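K.L.:
Each chain is listed here by its residues.
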Amino acid sequence: MFSQLVMLGSSGMLLTALIVLWRKHVPAYISAYRLQVWLLAGVTATVGYFTSDWRLFAVAFVLVVLKAIAIPALLRTMLRRFGAQPEVRPYVNTETSLLVAGLLVLFAYVLARPWMAVTDLPTRDALPIAMGLLFVSLFVIVSRRKAITQVIGFLMLENAIALLAAVGTYGVPLLVELGVFLDALMGFLVMQIFVYQIHETFDTIDVEQLTRLRH
Amino acid sequence: MSRAIAILFQTLLAAGLAPLVGGFIRWVKARLNGRRGAPPWQPYYEIQKLLGKEAVVSRTASWIFRATPFVVFSTSLVVASFVPLVAAPAGRFIAGDLFAAVYLLLLGTFFLALAGLDTGSPFGGMGASREMTVVALTEPTVALSIVALALNAGSTSFSQIVSRTLAEPAAALGPGHLLAFAALFIVTLAETGRLPVDNPATHLELTMIHEAMVLEYSGPYLALVEWGASLKLFVFLALAVNLFMPWGIAVSLAPIPLAIGLVTFVVKIGVLATAIAVLETRVAKLRLFRVPELLSASFVLALLAVLSTFLTR
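Taken in sequence, the protein lines are chains A and B. Using numbering that gives the first Met the number 0, the first residue of the first sequence is number 0, and each one after it goes up by one. Using numbering that gives the first Met the number 0, the first residue of the second sequence is number 0, and each one after it goes up by one.
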């Protein structure tokens, strides 16, 4: 039951990352991200419940407050300020992106084989999925043109690392976890300021503009 | 002997119920749109009326055009005779497994596309080329989701898959099972011409796929084509409910399990048909050039289903 639930949650997280590759509208990305955080909190709480570790419940709680409520709200403010233009022409088109994502997950499975051979954790089936999520989030960052989509890719990358920590080692010490949360929040705020600056200077959040000199 | 009767009964049941499913979806959609709608049994009247009419066939049409309605209807009927509907007794029920079912249905689609080209009408050719595009893109997904199911059960036979899921309900919660279901559901919508891919309710020339291919048919031929199409939808829905949620299906041919199996089957099909109707009310038809995106998404789902069952064992 334990491994089934963890597996279900992690696969759900992977699917929310695929939504970002599939859909073209930024509000859909934000709700996909929020859903992913809820799933991550669910997986963390499940691991906490089955290993009877109360600290993981605290982590899940902080996750929900910070990443499922605060960060989506900030993302929405950002969106209101720029208006919601869809991601029209990503660097890699949708069909290819989805296929590449499939291949990346396959690669993650191949890569995780030796690791899975040496552990006998009940959550080991979710390890390759967490690594696949890591690669897919990285792919979101490099293949999308809008700064806001790239920020969401970064946030998903962060989720993937948290998932890997939860299923691979049953969570890291609470102090480290809190430090990571603070880091993520700071990183997000810095990126938000960057996006605002890009928007101020170039009147768009298309990062393509940054490769050219301003005239 | 009892097996032969069971197969005969099941085939008749499928042929009899199939138009009702299509009519039921149309009725639920109409209610959701706030219209009164035709009653769910309307397709029976339509088939009866069409069977009594004269068939008009173009002078340029060859034998393929006349043979196609029979091929479409009979392949669907054969598939309906061996997929698990009400009962899935252990052992070989009849020759035919998941591969046979999917590719027999594909044979019908192939002939329909040929018939669309046969008369030389521009709409027929357009519909056939679109249908082939969609089918070519759904095939990899179909094959992969079959592999995902078969890997779980260790066999492509229906009764094996059903009994494996019945024996291990926890496996049905696993990602392999759910992802394969999602992939097969998208494929069902694409292959039976339902909404995000094709709109079954209109004859708008710019968007139609299935309707464009059968535009030249009339009278009894059209009745057979329509009946075959609704049988195909019925078979796909039956596969979806019985392979992924087999609870309630009869595993022996005794009367009481059969009665329970019949009731649960009708309820499950009703629930899935309602889900399709709700979905069709909520989504708009995709532009033709965005259909590959949907289908590649379903392909990735099927690929992940295979990965999670195959590489973690």
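Hints are supplied without guarantee of correctness; some may be wrong.
[Claimed, not checked] Counterexamples of contact, computed for chain A against chain B with all Cβ distances above 10 Å: (1) Ala27; (2) Val91; (3) Ala100; (4) Gly101; (5) Leu105; (6) Thr203.
[Stated by the list, open to error] With the C-beta cut set under 10 Å, the calculated list includes, among others, these residues of chain A facing chain B: (7) Leu7; (8) Val104; (9) Gln196; (10) Ile197.
Hint data in this document are derived by calculation from the structure and do not stem from the laboratory. Remember, it's a predicted structure, so these values are computed and weren't measured experimentally. For every residue, glycine included, the Cβ atom is placed at its ideal position computed from N, Cα and C.
K.L.:
With reference to the structure, classify each hint as holding or not holding.
P.N.:
So, going through the hints one by one against the coordinates:
1. Ala27: Check passes; 13 Å lies beyond 10 Å.
2. Val91: Answer for Val91(A): holds, closest chain B Cβ roughly 12 Å.
3. Ala100: The claim is violated: Ala100(A) sits with its nearest Cβ about 6 Å from chain B, within 10 Å.
4. Gly101: Given a closest Cβ separation of 4 Å, the condition is violated.
5. Leu105: violated (6 Å)
6. Thr203: holds (25 Å)
7. Leu7: Result: holds, 6 Å to nearest chain B Cβ.
8. Val104: holds (6 Å)
9. Gln196: Result: violated, 33 Å to nearest chain B Cβ.
10. Ile197: violated (28 Å)
Hint compliance for this structure: hints 3, 4, 5, 9 and 10 are broken, all remaining hints hold.
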